[in-house]
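Chains as they are written, first to last, in UniProt numbering: chain A, 1 to 346; chain B, 1 to 346.
These aren't lab readings, by the way, just hints derived from the structure by calculation.
Computed from a predicted structure; not experimentally measured.
Be a bit skeptical, because a hint or two may be false.
Under the rule of at most 30 Å between Cα atoms (straight-line distance), these lysine-lysine pairs were calculated in the DSSO-like manner [claimed, not checked]:
| # | chain 1 | residue 1 | chain 2 | residue 2 |
| --- | --- | --- | --- | --- |
| 1 | A | LYS218 | A | LYS289 |
| 2 | A | LYS244 | B | LYS169 |
| 3 | B | LYS218 | A | LYS287 |
| 4 | A | LYS218 | B | LYS240 |
| 5 | B | LYS344 | A | LYS218 |
Number of protein chains: 2
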Amino acid sequence: MKSNPSVQFCFVVLFVVGLLQACSPPAEQSTDTPLPAATDPLPSWVDGPRKQAIIAYVEEVTDSTSSSFIPVADRIATFDNDGTLWSEQPIYFQFYFALDRVQALAATHPGWKNQQPFKAVLENDMETLMQQGEKGLLEIVMATHAGTTTDEFDSLVTSWVATAQHPVKKRRFTELVYQPMLELLDFLRANDFKVFIVSGGGIEFMRPWVESVYGIPKDQVVGSSIQTEYEYNDGNPIIKRLAKIDLIDDKEGKPVGINRYIGRRPVFAAGNSDGDLQMLRWTDSNKLKTLKLYVHHTDSIREWAYDRDSPIGRFDTGLDEAKAKGWTLVDMKSDWKTIYPFEKNQ
Amino acid sequence: MKSNPSVQFCFVVLFVVGLLQACSPPAEQSTDTPLPAATDPLPSWVDGPRKQAIIAYVEEVTDSTSSSFIPVADRIATFDNDGTLWSEQPIYFQFYFALDRVQALAATHPGWKNQQPFKAVLENDMETLMQQGEKGLLEIVMATHAGTTTDEFDSLVTSWVATAQHPVKKRRFTELVYQPMLELLDFLRANDFKVFIVSGGGIEFMRPWVESVYGIPKDQVVGSSIQTEYEYNDGNPIIKRLAKIDLIDDKEGKPVGINRYIGRRPVFAAGNSDGDLQMLRWTDSNKLKTLKLYVHHTDSIREWAYDRDSPIGRFDTGLDEAKAKGWTLVDMKSDWKTIYPFEKNQ
Chain A
1 MKSNPSVQFC
11 FVVLFVVGLL
21 QACSPPAEQS
31 TDTPLPAATD
41 PLPSWVDGPR
51 KQAIIAYVEE
61 VTDSTSSSFI
71 PVADRIATFD
81 NDGTLWSEQP
91 IYFQFYFALD
101 RVQALAATHP
111 GWKNQQPFKA
121 VLENDMETLM
131 QQGEKGLLEI
141 VMATHAGTTT
151 DEFDSLVTSW
161 VATAQHPVKK
171 RRFTELVYQP
181 MLELLDFLRA
191 NDFKVFIVSG
201 GGIEFMRPWV
211 ESVYGIPKDQ
221 VVGSSIQTEY
231 EYNDGNPIIK
241 RLAKIDLIDD
251 KEGKPVGINR
261 YIGRRPVFAA
271 GNSDGDLQML
281 RWTDSNKLKT
291 LKLYVHHTDS
301 IREWAYDRDS
311 PIGRFDTGLD
321 EAKAKGWTLV
331 DMKSDWKTIY
341 PFEKNQ
Chain B
1 MKSNPSVQFC
11 FVVLFVVGLL
21 QACSPPAEQS
31 TDTPLPAATD
41 PLPSWVDGPR
51 KQAIIAYVEE
61 VTDSTSSSFI
71 PVADRIATFD
81 NDGTLWSEQP
91 IYFQFYFALD
101 RVQALAATHP
111 GWKNQQPFKA
121 VLENDMETLM
131 QQGEKGLLEI
141 VMATHAGTTT
151 DEFDSLVTSW
161 VATAQHPVKK
171 RRFTELVYQP
181 MLELLDFLRA
191 NDFKVFIVSG
201 GGIEFMRPWV
211 ESVYGIPKDQ
221 VVGSSIQTEY
231 EYNDGNPIIK
241 RLAKIDLIDD
251 KEGKPVGINR
261 YIGRRPVFAA
271 GNSDGDLQML
281 RWTDSNKLKT
291 LKLYVHHTDS
301 IREWAYDRDS
311 PIGRFDTGLD
321 EAKAKGWTLV
331 DMKSDWKTIY
341 PFEKNQ
């Protein structure tokens, strides 16, 4: 299924293979000789071309005597989330939230038992769910992401993130973030880069947890959104979430989202799919020296291996362009000593 | 003319009185005894109840032993721009930019000579211009703010701000910012508040100069916006500004804009009109300790005196609610020793 839907959050429903995939043991730690911890900003990165390229870039653009020096205000770094900062298999994690919300709301929506696409979700009938197409997916998103206040939605996400488990990895979803990328975020911030998430995922789905997980403030998240409305509510003002699309922050939407929220081109951008290509090109068009990082999912043991024909989306054009233009192409299997933070303690 | 239009940027066209107003000399410096400069974070504020309230608030919420302590991540401060950080008389400064753009574009739009509302602008016929209503104003905004790339628009604003002069004060517009508010921005930042502009003005009109003038990063500006579109443009990507409204960041739009861009309620908010009331109420509904500051324009000599029935908008409800609820009501004439930075050197 090589479809490439443009519905909000880019949900593509195919997770049969992934759901059945056994939990993979973490790989052995790499044995290459690390830099001393005190001087190594990226200890989970294998000391090879990618790590060297990142460190060389940061050193060059923060050196005030360099012709490539970048003033602090221009040090904007943007990171895709799904597949770049945390895993995205067997489907985007936000979709599990949506499915759990359908289950939770079913009692107050008795009609859903006989109404697609909800019937398929409630009966765990993934084959039928997959046949519902974009319209069905959009119905699920709107039914589960709209109709609350912003405060209520924040609470729902916060509760879900605290307890929900990944079906394969048997870990909370926020444990499935990439340790090397956490180090990269810290390294960039230590060098006065302002770090943003720019994701096709829902902005309000990410904000409740990105501060504690990534150290990224809520106002430095760019994502897909639905429209909202302010109500005075007799002196207890609320903001209501409406069942209307606002921004689809994917593909061409990413430069648009970057312009809307950040107002300047990034100098550093990281992605892993065709949905990130426009962001990477937009970054590449900056007159300042830039670094474009493309994460290639090559580790079938510790994470997942997928690229060109993955069921969750297309990766062809991005991968080919990263290669053709000499962008920093991260090979997860060979470049990352550790994938997830919890492996460090194993 | 007590109309209260909701067109983008809240332009209301009446500036005959203001245009004729003579340039006012700055008032004498207040003679009350100031705190030593090294310990006084707000030297241009008269040492009275408003200054004391601001300092007491900041000291209390940043004291980790206080029951009102606010964690750094929650220290969000939002400032209206027009009439709160810089002047807004005789009309919003952005409107002068729009009028100058009409003049500049006239050569390539020969039809405008016979077409309202442009004919009135070109003939400097303010009476007719005032009769064009919201539709006419929107036409001017779209003709002057859309149709370029984001880069081109940035350049246009940057050039204009560098040279355009206020018709009454005979100063560049960015000289007409309020010295006491610059000190307040600094004071809040020194105490780890993250400071945002939340303005009915155009976000892309403010971004080119707010960093140098206010020290506020481009990504910490919330404003009215038009829709944009990304184009690959044969490998030279651009973002085009479309003639379609995106967000009107005024009145009910301010809490919506705050939620969109910031993702949490402010604890500190400053405004000066009914257009700011919803932002102040939204801030007031924060469970953390808050301060709502309302600037009352009372100085007809050094700035302008206007409130309830000003031609540029309504101020009644905001002023009355500020008084009724005990918000920090700044009296510009008696609370501010200096209005504009250039007065310090006079």
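Check each numbered hint from earlier against the structure, then list the numbers of those it violates in ascending order.
2, 5
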